[in-house]
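*Asks:* Following my numbering, the numbering of the sequence shown begins with 1 at its first residue and continues without gaps.
Hint data in this document are derived by calculation from the structure and do not stem from the laboratory. Among the clues, some could well be false.
Derived DEER-like restraints, expressed as beta-carbon distance ranges [stated by the list, open to error]: (1) A17 / H60: 17 to 27 angstroms; (2) V54 / Q18: 30 to 40 angstroms; (3) S15 / I67: 13 to 23 angstroms; (4) E16 / R36: 24 to 34 angstroms; (5) M68 / F19: 10 to 20 angstroms; (6) Q47 / S15: 16 to 26 angstroms.
Please read all numbers here as calculations on a predicted model, not as lab measurements. For glycine and all other residues, C-beta sits at the position ideal for the given N, C-alpha and C.
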Amino acid sequence: MTIASDVAQPASAPSEAQFDWADPLLLDAALSEEERMVRDSAQAYCQEKLFPRVLAANRHERFDREIMNEMGALGFLG
């Protein structure tokens with residue numbers, strides 16, 4: 001009898017948990033349809049309109065006040 005054979009082996013290895021990089025905390029499952037629509041519209045605004053302007057403002061070391069006005073009008077500031 002060897003030491004290796006004395007060690008209990010698990011009957012079956014548990015399946016590995018799948019990690020979702022896009023939603024690591026699985027928050028999407030907790031959102032209602034309306035909350036998903038708000039999230040999607042905010043993401044679209046940020047990618048299409050906000051990101052290019054913030055990038056340009058950062059490169060030229062200036063602050064674009066109009067961004068804050070737009071975000072307020074869209075309800076993103078509370």
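*Asks:* Per the hint of 17 to 27 angstroms, is the separation of the Cβ atoms of A17 and H60 within bounds?
*Replies:* Because 45 angstroms falls outside the window, the suggested range is violated.
*Asks:* Is 24 to 34 angstroms respected by the C-beta to C-beta distance linking E16 and R36?
*Replies:* Given a distance of about 28 angstroms, which is inside 24 to 34 angstroms, the answer is holds.
*Asks:* Does the Cβ distance between Q47 and S15 fall inside 16 to 26 angstroms?
*Replies:* 35 angstroms, violated
*Asks:* Quick one: are M68 and F19 within 10 to 20 angstroms, going by C-beta?
*Replies:* The hinted range 10 to 20 angstroms is violated for M68 and F19, with Cβ atoms some 36 angstroms apart.
*Asks:* Quick one: are S15 and I67 within 13 to 23 angstroms, going by C-beta?
*Replies:* 46 angstroms, violated
*Asks:* Quick one: are V54 and Q18 within 30 to 40 angstroms, going by C-beta?
*Replies:* The hinted range 30 to 40 angstroms holds for V54 and Q18, with Cβ atoms some 33 angstroms apart.
Hint compliance for this structure: hints 1, 3, 5, 6 are not met, and every other hint is.
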